[in-house]
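Novice: Residues per chain are reported as follows:
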Amino acid sequence: MSDTSIPKSAVQDAAPVRPRWKTILLRPEAMTFVLLILATLGASLLSPFFADIAYILESFTYYSEYAIVGLVLTLVIISGEIDLSGAAMMALSACLFGITYQAGYPISVAILVSLISGVAMGWFNAILVIRFKLPSIIVTIGTLTLFRGIAQVIAGDRSISKFPSWFVGIDYQYVLNLPIPVIVFCVVALALGVILGGTVLGRQIYQIGTSAIAAQHAGIRVNRIKTGLFIGMGVASSVAGLLTASRLASVRYDLASGAELQMVLIVMLGGTYIFGGRGSIIGTFLAAWLLVIIATGMTVANIPINAQLTVLGLLLIISIIATNIIYSRTQR
Amino acid sequence: MPVSDTPVLSARGISKQFGGVEVLSDVDLDLSAGEIHALLGENGAGKSTFAKILSGVHRPTRGTLALNGNPVEVPNPIAAQNLGITLIHQEPISFPDMSVTENLVLGRHDGALLGRVPWAQMERNANELMDMLRVSIDVTKPMRGLSIADQQMVEIARALASDSRLIIMDEPTAPLTPKEVETLFSIARRLRDQGRTIIFISHRLEEVQALCDRATIFRDGHLVETANVADLSDEDIIRLMIGRPLKEMMHRSGAKIGDVALEVRELSLPGKFHDISFTVRHGEIVGLAGLVGAGRTDVARAVFGVAPAASGSIAVKGKTVEIADPSDAIELGLAFVPEDRAVAGIFGTLPVDQNITAAVPGKIAPHGFIRSAIERALAEKSVKDLRIRLAALRQPIGELSGGNQQKSILARWLHTDPDILILDEPTRGIDIGVKAEFYDMIGTLAANGRGVLLISSELPELLYLCDRILVMSEGELTADIAGDEATQESVMRAAVPTKGKHGTGGSPPEHNEVAL
Ligand SMILES: Nc1ncnc2c1ncn2[C@@H]1O[C@H](COP(=O)(O)OP(=O)(O)OP(=O)(O)O)[C@@H](O)[C@H]1O
Ligand SMILES: [Mg+2]
Numbered sequence: 001m002s003d004t005s006i007p008k009s010a011v012q013d014a015a016p017v018r019p020r021w022k023t024i025l026l027r028p029e030a031m032t033f034v035l036l037i038l039a040t041l042g043a044s045l046l047s048p049f050f051a052d053i054a055y056i057l058e059s060f061t062y063y064s065e066y067a068i069v070g071l072v073l074t075l076v077i078i079s080g081e082i083d084l085s086g087a088a089m090m091a092l093s094a095c096l097f098g099i100t101y102q103a104g105y106p107i108s109v110a111i112l113v114s115l116i117s118g119v120a121m122g123w124f125n126a127i128l129v130i131r132f133k134l135p136s137i138i139v140t141i142g143t144l145t146l147f148r149g150i151a152q153v154i155a156g157d158r159s160i161s162k163f164p165s166w167f168v169g170i171d172y173q174y175v176l177n178l179p180i181p182v183i184v185f186c187v188v189a190l191a192l193g194v195i196l197g198g199t200v201l202g203r204q205i206y207q208i209g210t211s212a213i214a215a216q217h218a219g220i221r222v223n224r225i226k227t228g229l230f231i232g233m234g235v236a237s238s239v240a241g242l243l244t245a246s247r248l249a250s251v252r253y254d255l256a257s258g259a260e261l262q263m264v265l266i267v268m269l270g271g272t273y274i275f276g277g278r279g280s281i282i283g284t285f286l287a288a289w290l291l292v293i294i295a296t297g298m299t300v301a302n303i304p305i306n307a308q309l310t311v312l313g314l315l316l317i318i319s320i321i322a323t324n325i326i327y328s329r330t331q332r
Numbered sequence: 001m002p003v004s005d006t007p008v009l010s011a012r013g014i015s016k017q018f019g020g021v022e023v024l025s026d027v028d029l030d031l032s033a034g035e036i037h038a039l040l041g042e043n044g045a046g047k048s049t050f051a052k053i054l055s056g057v058h059r060p061t062r063g064t065l066a067l068n069g070n071p072v073e074v075p076n077p078i079a080a081q082n083l084g085i086t087l088i089h090q091e092p093i094s095f096p097d098m099s100v101t102e103n104l105v106l107g108r109h110d111g112a113l114l115g116r117v118p119w120a121q122m123e124r125n126a127n128e129l130m131d132m133l134r135v136s137i138d139v140t141k142p143m144r145g146l147s148i149a150d151q152q153m154v155e156i157a158r159a160l161a162s163d164s165r166l167i168i169m170d171e172p173t174a175p176l177t178p179k180e181v182e183t184l185f186s187i188a189r190r191l192r193d194q195g196r197t198i199i200f201i202s203h204r205l206e207e208v209q210a211l212c213d214r215a216t217i218f219r220d221g222h223l224v225e226t227a228n229v230a231d232l233s234d235e236d237i238i239r240l241m242i243g244r245p246l247k248e249m250m251h252r253s254g255a256k257i258g259d260v261a262l263e264v265r266e267l268s269l270p271g272k273f274h275d276i277s278f279t280v281r282h283g284e285i286v287g288l289a290g291l292v293g294a295g296r297t298d299v300a301r302a303v304f305g306v307a308p309a310a311s312g313s314i315a316v317k318g319k320t321v322e323i324a325d326p327s328d329a330i331e332l333g334l335a336f337v338p339e340d341r342a343v344a345g346i347f348g349t350l351p352v353d354q355n356i357t358a359a360v361p362g363k364i365a366p367h368g369f370i371r372s373a374i375e376r377a378l379a380e381k382s383v384k385d386l387r388i389r390l391a392a393l394r395q396p397i398g399e400l401s402g403g404n405q406q407k408s409i410l411a412r413w414l415h416t417d418p419d420i421l422i423l424d425e426p427t428r429g430i431d432i433g434v435k436a437e438f439y440d441m442i443g444t445l446a447a448n449g450r451g452v453l454l455i456s457s458e459l460p461e462l463l464y465l466c467d468r469i470l471v472m473s474e475g476e477l478t479a480d481i482a483g484d485e486a487t488q489e490s491v492m493r494a495a496v497p498t499k500g501k502h503g504t505g506g507s508p509p510e511h512n513e514v515a516l
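In order, the protein sequence lines correspond to chains U and W. Position one of the first sequence corresponds to residue 1 (this note's numbering), numbered consecutively onward. Position one of the second sequence corresponds to residue 1 (this note's numbering), numbered consecutively onward.
Please keep in mind that the hints were generated in silico from the structure rather than gathered at the bench.
With beta-carbon atoms standing in for the labels, derived distance ranges:
no., chain 1, residue 1, chain 2, residue 2, range
1, W, Arg144, U, Asn223, 15 to 25 Å
2, W, Arg134, U, Ser328, 34 to 44 Å
3, U, Asn223, W, Pro142, 22 to 32 Å
4, W, Ala79, U, Ile305, 44 to 54 Å
5, U, Gln152, W, Pro142, 38 to 48 Å
6, W, Glu22, U, Ser328, 23 to 33 Å
7, U, Ile274, W, Gly19, 22 to 32 Å
One side only, chain W facing chain U, incomplete, derived with CB under 10 Å:
no., residue
8, Phe304
9, Val306
10, Asp325
11, Ser327
12, Phe336
13, Arg341
14, Val343
15, Ala344
16, Asn355
17, Ala358
18, Ala359
19, Gly368
We put the beta carbon where it would ideally sit given N, CA and C, even for glycine.
When you get a sec, could you build the whole thing from the sequences and use the hints?
Specialist: Put into structure tokens, the structure is as follows:
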């Protein structure tokens, strides 16, 4: 397979001379795709369940919420920023949803409250990053703690549940034989993929991530686009929070706790460049499935949960390094 | 010249391919000790590539190098430094947040990995180097705060620190003022007299005549001639470089000058410029002269909304406007080619076509979706019109030669069809063949009713092109001279800062050492 030549020539050619295979247009997404196929093959050897599409789809519903946020996160990272507060925004918006509903408002109002809170939180991140010119990694580490802290203050330690039955169990509702969360994921992926790959906005996201200063000089509204992306993160997180609330039939402040890791992992596995300017939705799309297969595969193979986290951490590091190597080799 | 000695460095059959495209073919060159050797050629001829091969940045596809007669490999820049070869890059690559001292010792290291760093001693050494170069630079300051000329001095000091025998300067004079150029030249001559070899790359023939002993001319990756500079006339060099005589530089016949296109009133930005007022009319080319650091770029950036002024107002076609961001300026029909193309111009890893069309999203995406056929057509037209040399439109722009990057950025703004064009050192790094065409193009733009504000440190360029020349000194406008009355002397007199409070151009300059 052609990808086995990557590490070899990387070792041979230490000087930043552009190697010949650059013309072979090697992209990290190709690596994701190959890994996906390998992982599927490997997993089906471990367990016959994997031959069953329905099983994979069901497993995917557990991850679809993070994957949806990961799609928007892909755009944020391509634009040269990062947002680690997605999971916390899921929790806070879902808790606001639960509390509003419990306070006796109709569920539509509660959903609206959740979405508005998503906009507000994303906007808050954007203000700190853009107006105050702070690094987004620090800002969102701060707000991830803040948002989850607020969720704990307003919701306490209890679970909020007793949602109407039509709201609960969205992962068991099918459209065209696909669970609704999977549909949502696919639709968001398609929409963002078209925006990123085919429109001026998408093009400008790449340009901003490549050089924000050059982008500003070229008349690209850098701050406006970045603000939009942070708000998009907030909205996607609140949608994901609602999906989670429906799947679990309850919300608690620790909903999606620690899911920042998975979100970043999905984006990195998909070959998006951590320093911005490069990456794709198709990569993230493939990586979401890859992650599901790896995680489910490990469960099927009876690998204990603690060890699974180790594997995911390793995967994150390896994918960042691999992407880095590929981009620095082909773009010097 | 000690021609009989073994050459300090000899290159044999050096070739370089990038992705299958040969950009350097079979270059044979011998460099002697104690010479300043010019490398000349059009944009993309392969000068920087050859320099990078000598200094270990690139490895040749074929060919060998010998140092004092012994074959050597130069696998990377550190190895080059150890062999006594230093490259001063076309685009500065130092570490802006580190101090001068730290930049000087970068990549050199003699001592245990975890040993104490002898900062005091290093600082002393750094100061000695600065004394040797006779420049006063505070070595504890970060590089960021230094002028480009001083940053270059630090690079030269770095070459001295490792006792380089071969120092390669890739277009060192492009961003310098005439005075700084003189300083650089005297340092270069001193280094030559110590027996060091210097390779000097430049597009300015007068500098080659003034400084260099021998010259090598590249065309399309081939070495076409090596000769003593004394034996080469400018015409010879141009003919060898571009393979045809240069177009006559016809003086621009005054275009019809119309209404005021751009009016700037009492613009101030504390610490940068103060009380700047001027107009640019349709059909008029207005020059903005001054020494580097006089605040010309800051004024341009303020007008274009990159860093708006604190007070004052701007009117476009008679209407007072608010320009808070470049996107506002573009909507009003302004365009701005920034001086610092590596930072503010190019998107280095993105393809050339995407760079060229970056300011005209509406043209490439009529209904919001990018039509790649339109995009390619626009980019192809620019490549043809400006003779941009590249392998493919899909190539990352960072791979183009410096001059070809500059042309691409020019192309970007020409596509916006601007009413008012602000150009900040637009011909920096552009070869003389294209320069003439570029002048034509500016002339045509003005003739078609565009207003042009041209910032340039090349006085001949301003004198040749402009209907009017404004001069700035220390953040203030000091003169406004009609084109046919402007001379080098009158412009320089207004450009040189006067002691104490800024004069209004009348008092004679106190620093008379400006070299012209
Ligand atoms: N890393 C690279 N990858 C692909 N092509 C390259 C790379 N570096 C240089 N080239 C190509 O090699 C050719 C020679 O470039 P080079 O930078 O040596 O020109 P130059 O003579 O220095 O021109 P200029 O006067 O514009 O600086 C150009 O056509 C350029 O596009
Ligand atoms: Mg060059």
